[in-house]
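Go ahead and model the full structure; you've got the sequences and the hints to work with.
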Amino acid sequence: MSFELGMMAAAGETGGSFWMPPEISTSAAGVDWIFYFIFWISLFFFLLIVGLMTYFVVRYRRPKGVEAEGAPSHNMVLEVTWSVIPLILVIVIFYLGFKGFMDLFTSPQNAYEVLVTGQKWKWLFQYPNGYVDENLHVPVDVPVRLVMSSEDVIHSLYIPAFRVKRDVVPGRYTKAWFQATQAGDYQIFCAEYCGKSHSDMLAKVVVEKPGDFEKWLEKASNFLDTMPPAEAGARLYKTRGCAQCHSIDGTSGIGPTFKGVFGETVVMVGGAKVAVDENYLRESINEPQVRVVAGYQPVMPTFKGRLKDKEITAIIEYIKSLER
Amino acid sequence: MSTHEHPDYLGHHFETPQQQYDSSKLGMWLFLATEILLFAGLFCAYSVYRSNHPEIFVYAHQYLDKTLGGINTLVLICSSLTMAWAVRSAQTNQRRGLILLLSMTLLFGCCFLGIKYVEYEQKWKHGLLWGKRFHPHTEETRSHEKTAPSAVPPAIASQPAPVAPPPPTGEDRSLIEAAPRGPAGLAAGAIEERKPGHEGSRPSNVQIFFGIYFLMTGLHGLHVIGGMSVIGWLLVRSVKGHFTSEYFTPVDLGGLYWHLVDLIWIYLFPLLYLIG
Amino acid sequence: MASGDMAASGAGVEDNYLTHSHGFKSWFFTLDHKRIGLMYLVSILTAFFLGGVFALLVRTELLTPGKTIMDAETYNRMFTLHGAAMIFLFIIPGIPAALGNFVLPIMLGAKDVAFPRLNLFSYHLYVAGAIFALASIAMGGVDTGWTFYTPYSTTTNSHVIAMTLGAFILGFSSIFTGLNFIVTIHKLRPAGMTWFKMPLFLWALYGTAIIQVLATPVLGITLLLLIVERALGVGIFDPALGGDPVLYQHFFWFYSHPAVYIMILPGMGIISELVSVFSRKHIFGYKFIAYSSIAIAVLGFLVWGHHMFTSGQSAMMNMIFSALTFSVAIPSAIKVFNWLATMYKGAIHLDTPMLYALSFIFLFGIGGLTGLFLGALAVDVHLHDTYFIVAHFHYTMMGGTVIAFLGGLHYWWPKMFGRMYNETLGRIACLIIFVGFNTTFFTQFIMGSHGMPRRYYNYVPQFTPYHRLSTWGSYLMAVGFFLMAGYLLHSLFRGRKAPVNPWGSATLEWQTSSPPPHDNFPEAPAVGDPYDFSNLEYDPSLPGYRRRGGPKA
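Residue numbers (the working numbering), protein chains in the order written: chain A, -1 to 322; chain B, 5 to 280; chain C, 2 to 554.
No false leads were mixed into what you were given.
Straight-line C-alpha distance at most 20 Å; calculated SDA-like pairs for lysine to any residue:
(1) Lys257(A) with His244(A)
(2) Lys194(A) with Ala73(C)
(3) Lys257(A) with Val274(A)
(4) Lys127(B) with Gly73(B)
(5) Lys194(A) with Val461(C)
(6) Lys62(A) with Arg549(C)
(7) Lys97(A) with Ser328(C)
(8) Lys257(A) with Arg238(A)
(9) Lys194(A) with Ser245(A)
(10) Lys188(C) with Trp33(B)
Simulated from the structure, these hints should not be mistaken for laboratory data.
Since we're looking at a predicted model, the values are computed, not measured.
In structure tokens, the structure reads:
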């Protein structure tokens, strides 16, 4: 068991304390201060209770047959005292907790806004220029506000290093904010149970050094120009909603799988046979209701005007790369 | 209140009939409290949605039939009267009166359910149902329906597959440009924009009202049926002559239950039918 | 050798409630509260075993990150079933329906509960609810977590309806038990048994019963709404139909937070009995403890919103719920200090029940104090839905309620079955459970505050050592429980015959024989102060206590 305890100490993240992970946001220190304030009060009372209990057990342990020497069974002063002292302490704790919460709750006016979508089982972060990424990149020392919504069930965005957590609820928007204080990669969890891959609904916050964030965003936003088309297509597949209905592992979802579909001849609703080539794929993206594969509902929305030609090309290249 | 004799109806663990009567009465009141709390959940849901979307309630309540609802209210008030009278008859040993009054109460109960059935059937015919069954085609909405054959998009919840459903027609919600307009209160309004805009005066999410209407009146209807079964059982026992002025506890308790069922309707009627 | 009312249990063939009549029907359709209590006991212990097996499977899976023994979908079902079985089938009916049913009328000096038929009906409802829950497990289980949060619970394809229907029925079983207890305490107290002559366990059961009666119907309607939502698509909780998924959470916790006090209050009641009896001293601050039970019952209704601090409810609501939450700390603190004051200058005997009482004070102390962290809004945001919560509620539910239940079980065991268990093994098992429990759950506090979210199948490698230690602790606990099962079963057949009053308690159930006769008391018991031990003296020949000046064995 001492081996385990030793490993535990070694496993702690760098910079954290025994109880808390490292403090990487402006709010973290305040939260931790309250945590430790309560901790020391609790430890005091715990030691008092267990100490008295142990002392009484040792001091007053008697063999069977010996009766108690007797002491009063009621003392108003004492009882009121131990009602009032905890009362005062919890009022103090309540006040500190509430004040700290208002700091976490109220985001500054000038915060940089990122739109967050939770869905089974990944996070999507959309930046003001429309670019969508699977990880959250933020500039250091700048307040960032997250405006969050869910596509399906309730999720909860949790960044332990920032002491930030907020439920992400379908049909409404919730907000969270933070200001990172130190560059580096930090873990994002989903904290509200959301099904099979709940524990894999992870992402990273990448806190960029001053100036690096803008460079990253520009480069990332231009991924169509800098990446091979198939790779760019893979990214679009994940971030533009294709993945919700079209699998890439051969299983059929709400729409047919992308795996190995290119070059095949497929039967349409109505019986016509169509060879899946670039032009058919392009048509299916722009006018999905025209020719629907047999066995599927015509439920796909059009992406005409929502995907640029270059993006459509990249997606087609990606589908071509998914061999059987 | 003699402690020496131990009549048949007195449980072995009670000392006196009075103690047994008091216990039963207290138990019944507690049970009524649980019934009220059962309905309280629905009343809470009603208040939350009404305060968040008053327009839905004002619009949708017009489709309820005030006349039938009013008649039903009268029917239940009458049944409460006959029930109270029945209890009195039991207390005064009037067996024939008891049988007659219980039968009348039962009749009023049937009458209530009959009228309720007529109302439900109308709603069914016009597609004014709950949640995903809401497909209105009354005179007023029919003209809109012609232009919008699929006015109500398929519900997310209706998809059994674990795979996330397709984005609803018209808008891709992953492009959440509308973010700053997000609602602050308890209820969600974000899906409102998914509704086609040409529905004129009909507010969106009218199905919420009908969902609550059917839940509240449905649960109440079940309680009416429960109350009627109890009265039926009391009727059988009074025909057999089980009740005397010494022992009429079941009639008394059954009466209490029936009054509660009436009382709940007295609240439901104005809350659902008479929205100003 | 045996003569007189105090040593009737020494006789050869005796008429007691166990031997009064025979056959399956004489049990399954009995109106005797003692037999109903015993059937509850067997049922809840079965549920506890089942829930324990699920727990061990969950802990084993978490031994390593990724797959250890099962896939993610099975794991999700396992933790759901662990929670549902433990909460709905074990802890909620645990103390009130099993121990309470047996003890309450005897402690009160009554012949039975007010409505014996309703009592039996409530047991049959329990069985019916359990069958639905088992059916849902047999069909493949539920993967929603025991909280059934919408919209996940309305969209998942696991067997939610059967499980919620089971919980719905179990709720009514709980309501009828509570109703019965309230009426019994109000109307069936014999002459002399005034409110303030009642043992504190009865005060606790009374507070519990109030919550059962007033909170459970709301769970009923919530689960009913969930069922019609799934079956018919009513849309009350479905955002796609204009409904509000967070409303479900309000409804659910309006019941389930008070339910936490349904679990802990009777536990506190047991501890009040044990501490006084085994310190041989009048309970300190009787009225404060009695009123604090009622205060907890009332305040428990007003704090449900603290489960939703991160759900996006308004800051105002968070503030109110946080403040109310802290107010519950006061009555709990009062009880703990009163127990300590009772021990002061007592004559402490460390029998097995007392060891459980001491464990309770230790573990519930940690459970209660860690509640302060969670009540503080700013800190709760960080700790919510992490292992810190898991550890906190296991310290209160298991370290509190289950330990108190075990204490009570060991305390009343001789009364229930007329046999003594092996005292040495009892103490060893208690110690093993205590160590195993702390190993399992204290580590969870640390990983929780470092950010390990709950209900995770997979985890980042940083948390591996904590999870391994926790799993080892759970195995140790299992050893303790198997040892306990062993010596308790053994005592039924080979145990020494129990005297009327082995612990020297002054409450009424210890005035009748062990086990009690069918009608509880051969003649009306003498009601006195339930914590006045001066009339009892120890007789090593029993070994046990008898009335001072009473007939010798």
